[in-house]
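**Q** Okay, here's what each chain looks like letter by letter:
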Amino acid sequence: MCLYPSNPEECFYLAVQAFDLAERLQTPVLVLSDLDIGMNDWMCRDLEWDDNYRPDRGKMLGKEEVLKLEKFYRFLDKDGDGIGYRTLPGVHPKAAYFTRGSGHTQYGAYTEDAAEYQIVLDRLLKKWATAKRLVPRAVIDATAGGRVGLVSLGSCDGAIREALDVLKQHGVTLDYMRVRAFPFSEDVEKFLAAHELLFVVEQNRDAQLRQLLTLETAVDKAKLRSLLHYSGLPISSHFIVEGVLAELQPGARVASRDAAHG
Amino acid sequence: MTFIAKPKVAHPSLPKNALGLTRRDYEGALSTLCAGCGHDSITAAIVEACWGLGLEPQNVVKLSGIGCSSKTTAYFVGGGHGFNSVHGRMPSIAMGANAANRDLIYIGVSGDGDTLSIGLGQFCHAIRRNLNMLYIIENNGVYGLTKGQFSASADVGTKAKKGETNFQPPIDPVLLAMTLGASFVARSFSGDKQQLVPLIQAGLKHEGFALIDVLSPCVTFNDHEGSTKSYAYTREHYEPAVHADFVPLEREITADYGEGEALPVVLHDGSRIVLRKLDSAYDPTNRSRAAAQIQERIKAGEYLTGLLYVERSQNEFHQVNGTPDAPLNSLPYEVLSPGSQGLEKVLARYR
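First to last, the protein sequences are chains A and B.
Here the numbering used here = 1-based position in the first sequence + 61.
Here the numbering used here = 1-based position in the second sequence + 1.
If you're looking for bench data, these hints aren't it; they were derived computationally from the structure.
Even glycine gets a Cβ: it sits at the ideal position worked out from N, Cα and C.
If a hint is listed, it holds; no wrong ones were tucked in.
What follows is a set of in silico ranges between Cβ atoms, one per label pair, in the way DEER data are often shown: (1) B/GLY340 to A/ARG118: 16 to 26 Å; (2) B/GLY340 to A/LYS188: 27 to 37 Å; (3) A/ARG198 to B/SER341: 22 to 32 Å; (4) B/ILE299 to A/GLY99: 43 to 53 Å; (5) B/PRO325 to A/GLU257: 58 to 68 Å; (6) B/GLY122 to A/MET121: 25 to 35 Å; (7) A/SER287 to B/LYS346: 44 to 54 Å; (8) A/GLU126 to B/THR33: 28 to 38 Å; (9) A/GLU308 to B/VAL336: 54 to 64 Å; (10) A/LYS132 to B/HIS269: 32 to 42 Å.
Only chain A is shown next, with the shape it has when bound in the complex (with noise of 0.2 Å):
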């Protein structure tokens, strides 16, 4: 799983989440900060903690609840949603489990018989449904409500809001999603179908947002138009503009590099 923060503030607050995320769905989950947000100097509000927040530790069992079980079975669906109970080493025999990089059943013992491994990748697959109800929701500006509509992530965010400010003076309005979550929150496949035509902007020259898009969501491929920069630089607000205006107007004049930038 990853999480895509656009700034330093948002990689402090997604941090915590992510600790939370990893243990409710017991998977390793990646914050996804760049060159940009590491390196350079970033102007933030001052960081806040929730004091009465309290860290969630998901599906875990004490002694007590261990003992009161006939058997405990580590990888076993209880619940339905692909999350099997956990223990934390040292709490009793029963609680033991083994954690195999090899094939086992439901129940946690080995196995080389397929239709007993077909079930644990399936209960995966619940859980990467689970996953998509749990992760953070995009970030979703859609006071344009027109039918051209504009996705990103990450560190392109600023220029974004620039561009978007810039592009209505050139009479163009677009609805903005930033995802925020990989796997995608059920909010993302809504946006994509609600608009007729789509800028994926990013900062990488294989357009990584646009095949994830495509091969994740039921979302067509035609109406996905992907503005790639990857010069090594940040991304520029004039970038986006220039991009959009030349599939919008095209043949429209461009405000220079340098008005654009006031």
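Fit chain B to the known structure of chain A by using the hints.
**A** Frame of chain A, contents of chain B only:
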């Protein structure tokens, strides 16, 4: 193969340890390794050692990477948690678990491939941090799980099953550990349980990183003529230099150890490792001399075995880092989190 569950039946006359548990209580699932594999003998030695020390099974944590060796953590102490990590990354998992709970007993089982190739960096840093764990290398000189390619511990001149010769010099985990400052370094042979069991017990009780490199022949891919890691070759060329006996605190040191060459090393809990030199010229307490002697014997084609170097370790990971006496995972959230006021102080440092 279909899996056969091991019946949990123990004869009532089986001897019991201080906890009232039999050796059967320290076994695990049925081994799926080849019949005659040296690794199964090491598993049996671990079972014997843990039973003999009377360890609470739930306090034993078993960690491994990938390989035939790494499968064996499923075959002993079924009452303890086990973790088969990514290839060569067992030390990281051990590090994390040990950082969270310093009170448990950590046994890492790895192979010559897992430790000396893909996991070499991790192995070195676990030693450097003096992680309090027993690290056993089940060393057979080949990648058994992938059908017998030479590993990084294969000797120059040794022959593979199909006849090709190895020309690359081996990495010796014992010499490497000694140069990295390990405080407990041993070598043994899977076929010598009398030597191996007390070594495992001493390693478990040693506070800090304890390494036992166990020569463990691969019956399927490296037990033929021309191999320098076969049963026959190992039996001919291994040379016990220092016998180590573990003496628990509650037991008096008897006259057996009263000879001139017996050397007790007192551990942190007051128990001792009593060393008996079988090779009078060898000094297991002098790092540089011991390393030189091991190297000379390797040149002569011999493996010195036993507890080859030991010192009472002074700087186990938690001592260096000043962590609290109670396991970190037992501290309540309120104690661990500095809260909003703590965060304000941190932020103030950056203004």
